[in-house]
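Q: In order, the protein sequence lines correspond to chains A and B. Start counting the first sequence at 1; every next residue gets the next number (UniProt numbering). Start counting the second sequence at 1; every next residue gets the next number (UniProt numbering).
Since the hints were made in silico from the structure, they are not lab data. From a predicted model like this one, the values you see are computed outputs, not experimental measurements. Just so you know, not all the hints are guaranteed correct.
Pairs count within a copy or across copies, as identical chains cannot be separated in the list.
[To be verified] Taking lysine to aspartate or glutamate and the EDC-like style, the derived pairs with C-alpha atoms no more than 20 Å apart in a straight line are: (1) K269 with E299; (2) K47 with D552; (3) K134 with E532; (4) K269 with D414; (5) K609 with D636; (6) K143 with E105.
Number of protein chains: 2
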Amino acid sequence: MFEDTWRTCSKSDSSGASNSGCESSKESSRSSTPVLDTDRTDRLRDKMRHRTESGDHWFSLEFFPPRTASGAVNLISRFDRMGSGGPLFIDVTWHPAGDPGSDKETSSMMIASTAVNYCGLESILHLTCCNQTKEKITGYLSKAKRLGLKNIMALRGDPMGADWEEEEAGFNYATDLVKHIRCEFDDYFDICVAGYPTGHPEAESYDEDLRHLKEKVDAGADFIITQLFFRADTFLKFVRDCRAIGITCPILPGIFPIQGYQSLRQLVKLSKLEVPEEIMQVIEPIKDNDAAIRNYGIEQAVSMCRVLLESGEVPGLHFYTLNREVATMEVLRQLGLWIEDPRRTLPWAVSAHPKRKVEDVRPIFWASRPKSYIYRTQDWDDFPNGRWGNSSSPAFGELNDYYLFYLKSKSSKDALLKMWGEELTSEQSVYEVFTSYITAQPNVAGHKVMCLPWNDDPLAPETNLLKDELDKVNRRGVLTINSQPSINGKPSSDPIVGWGPPGGYVFQKAYLEFFTSSENVTALLKVLKKYEPRVNYHIVNVHGQNTTNAHDMQPNAVTWGIFPGREIVQPTVVDPVSFLYWKDEAFALWIEQWAKLYEDESPSRMIIKYIHDNYFLVNLVDNDFPLDNCLWQVIDDMFELLDNPPEEQPAEQPAEQPNDEQSDKEQPGK
Amino acid sequence: MFEDTWRTCSKSDSSGASNSGCESSKESSRSSTPVLDTDRTDRLRDKMRHRTESGDHWFSLEFFPPRTASGAVNLISRFDRMGSGGPLFIDVTWHPAGDPGSDKETSSMMIASTAVNYCGLESILHLTCCNQTKEKITGYLSKAKRLGLKNIMALRGDPMGADWEEEEAGFNYATDLVKHIRCEFDDYFDICVAGYPTGHPEAESYDEDLRHLKEKVDAGADFIITQLFFRADTFLKFVRDCRAIGITCPILPGIFPIQGYQSLRQLVKLSKLEVPEEIMQVIEPIKDNDAAIRNYGIEQAVSMCRVLLESGEVPGLHFYTLNREVATMEVLRQLGLWIEDPRRTLPWAVSAHPKRKVEDVRPIFWASRPKSYIYRTQDWDDFPNGRWGNSSSPAFGELNDYYLFYLKSKSSKDALLKMWGEELTSEQSVYEVFTSYITAQPNVAGHKVMCLPWNDDPLAPETNLLKDELDKVNRRGVLTINSQPSINGKPSSDPIVGWGPPGGYVFQKAYLEFFTSSENVTALLKVLKKYEPRVNYHIVNVHGQNTTNAHDMQPNAVTWGIFPGREIVQPTVVDPVSFLYWKDEAFALWIEQWAKLYEDESPSRMIIKYIHDNYFLVNLVDNDFPLDNCLWQVIDDMFELLDNPPEEQPAEQPAEQPNDEQSDKEQPGK
């Protein structure tokens, strides 16, 4: 918070925002069928009101943009982890010196956009107006709107340099920015402003500062977040004083769990706040013991928050996280505000972009790469009807660049080499990497395999149910990258597989997706004839050679839910059209993430390249969801056929050999 | 067949159809998701080819338009019954003297349209061109296309009067009509023409007649149906002769089961056919014994059809039904062609109108009145997305006229009075009518109640499962008009509740809809509080006073199916918006069908009118489909509350009394 020079001006005259040139930018709302979560259609201020009226307590989290691209990748992982605890919103600070409105991975704008679009978090973008032209500010706001951001924290910001003076027609105060937003964008954005429980350090007086806060609210702000403070009484008095002069909007206390001696010192300097004597007395003696200070900080924050919540004046708490998670999460856990087992609205994370809120179906292929899916479909107009029918489908984004979430791993090259092998000696050594990942056992070099190119995270709890079977088949070169078990009507509240509103039932068809050799595919196709029409399959290689038994290329729903008073929800499909787009990405990951770890022409790289060039990507669906999953039996039958082939009939060439022209190519490492 | 003067001309020169002014009327095809029955998207000629290629035998049925409106109602019931046996198509003959292209209920055009739109039957409309202007013929064809008809039987027809002469620019031959259809409507219609196994009676020779048939096919006909014949050899020789001169299209034999002496005599006279001596020798001695003749006719038709089918030249049989069903059905049963247990594509009959083929969801309210539903939504543009959301919904057809299928009963006033009571003495006597209908037991006057205003047919087999419960509640004034049991994953092949393609599973939520008094509703609303959110309800009276616990007025899917390789199909919903349109119709049926049986101001009429004015229409859904249906328990709890009310609290007026202002009105018959 203090890093982004979050201040209002104390000067008395705060008019100046133009009221001319207003244009209404209200958007027509469009409703999807069925709406599972009424929150999804609400604005932040409405959600806040509903939660407050229901007597529910909630929390929000503040982050600042990282300095480096790898810092950005880590922060976004943190968004996912901290997002799972159920914050009402997060906010991202604005750093005028850091090109905050640019398209850089580390800009405030892109970090906030990522939180909304990829992590599905309701987000507030900070914006400072000091020393900015109206055109520039309008440009930032238009861009934010285009990216799906709906909430702005309107700040003055620090003057750049000591010789700053008020400009006649420019922005001198946060009030000017609030007025400008309302004028140019009507009621589109929810607007938040800053409050100072001890008065702004530059303000003439506490009362004068309160009057300026009232002006900001009167100009159109929807709620207030306060600067941090150290005593509950400070905040509670501030709220009383605000109410007394007619400020009626929500006022959220800014909570700062002390996390270390240095960061506290820096804070004191930047924010010109005084740390109370009783806190300094505790901290000074333990200033070299980080753990002790953090534990004290947690304890101090918890007890202060308890007083705030019990006062009845505080519906929610806003946390200055300093981009760290341990202390804030611990405070929230102790307060009982952290949602340990969040209810999922759909089996995948719903994007918070206003346009994507209505999205209600996705192909299963990107289940482990949702950010890539969102990136590739970001220009789609129509998500609720986002089918991929032959003629009606808008194209997927092209596979032509390397976006942050697209083909890069979040692990370093060194870490990847440790996990996936410094040196590969055969296809079998690739199989062993898959097996180590599945079983969570160390690989031959003693390192745990925490990710694969297709799976950036360890196995999901749901997939863990299949671990033994997955282990067995991966050892034999059925290299699984995605699977789900069948589910026949589990309650929507089930902690592992449940999703959607209470009182419902969720279902799944068993699904298995893997890479495997063309020899295996030849046997598999023979075996699959016994499983018609129970099992649907799609089999494709990198060249697009494609075999399927799908009806008319129709999508197959593999996850669905039945809920009280709703239509059926079917959020995950095996879609034949999108599979051919996924194929490009799935094969590219062999090369981009794995082969390129090794030197050109090295045996390791050639092994991965051979797999990329010759293996097939296979997906199987067992349609008979009430019965035991037969897909393992299909693979067993395939192995059985390979192990005990029927007597040779030399004159006959198997008709279903899908990759004949490749079969006599040299196979390295065999 | 002979009634519509179905003949081609034997004159040699059959040119004359204009080739100018052609316009393409190809329609863009639009695919729905998911397509359950690939047949639904095919043309008749494609279906015929698929069935023939598969080695399957099939049949079709010919009908003529009835003379009276009540005859039309009966014929349409026959369409439903005979349609259930699985004909590939039906055809409707054209009677130039009977205003065949008009909007009258009895016209050929309207009968064929009804078969397509309301009965979901693939249908061929006959059309004769003799003595017609091109404008008139084009007008008929345009109207047929507009009504959803896609197949035409192109005939010359009899000249009107003896002084007929060829017209220069008019239609003299069926060939002219075929050419005209292809010219004006491109490939839109499938065209059938007539063939004469013994030569046309007016033809110069058998060979000359064959050459004219070749001309008709060359002009664009897709297949041939023959005039009736009495010996299999006659037809098989005809087919050989057709093939010999290059006629390659399907040739369907016209089968006429002899059904009586008089109809056979009439046939002989009109068609100028000779009945073979071996048949006359059997028939003459039994000419006064109708049953014996019909049995002989069945036996003769079956043995001839067996020879035809075994020849390998005959993929399907076309039956001249004379609008009767017994003989034809018996022949088909003995041949094994009648489908005793037809597979339903969806739980309701799919309309065969090209525009409606993609329709995949309907409100449950019209389950027993599908024709009324189709009529009221006939002007909708968009059936597959036919949701009834608050803003997006097109209006239902207005309740402003009395169409054939709309508010009239197919029974006569006399029959209705016998079933529903010559004289009603109380509301209780109305309850007894409902109970008699449910239990299929005679009413107090000894008559079976075969229908109710809301149910034109006896109880469906599915509803029969609920008979005991329905009986119990109707006796106490819970007047049920629609219900379905819960189903938790029965195979799609289930003979009673199954629908959709094989290998799937069907599901239902329990549903119950009834009229009941405002006293009962007051108790019911108290009881329903215990069943939140398990039970959804909508309760409305004729004045539109409406109570519901539906989320945001969203539809609730109450029938759905899961199939191999498809998305989820959810064909039946409880839709809050459409319920308010259904309410108008459901209440109107009390007055239009029942009250109006009795004299103005008569006690019987006043009793029905009282119910109409004061009762509520209630629907209940039990969302917890895997558990036992709780809706009977809800009704039991309501009775329990009524029988044993909690102690009086005199000062308190029940808040949920929904119809308070009506409660002190005089109640006749109580």
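Q: State for each hint whether it applies.
A: These are the hints, each one checked on the structure:
For the identical chains of this complex, K269 and E299 are neighbours neither inside a copy (23 Å) nor across copies (108 Å), given an alpha-carbon limit of 20 Å. Taking identical chains as interchangeable, the C-alpha atoms of K47 and D552 lie at most 20 Å apart only when they sit on different chains, with a minimum of 17 Å there against 43 Å within one chain. Proximity of K134 to E532 under the C-alpha cut-off of 20 Å is found in neither arrangement, the shortest distances being 65 Å within a copy and 53 Å between copies. Within a single copy, K269 and D414 get their C-alpha atoms no closer than 39 Å, and across copies no closer than 98 Å, so neither meets the 20 Å cut-off.
In this assembly of identical chains, K609 and D636 lie within 20 Å of each other by CA distance neither inside one copy nor across copies; the values are 27 Å within and 71 Å between. Taking identical chains as interchangeable, the C-alpha atoms of K143 and E105 lie at most 20 Å apart only when both belong to the same chain, with a minimum of 15 Å there against 62 Å between chains.
Checked against the numbered hints above, the structure breaks hints 1, 3, 4 and 5 and satisfies the rest.
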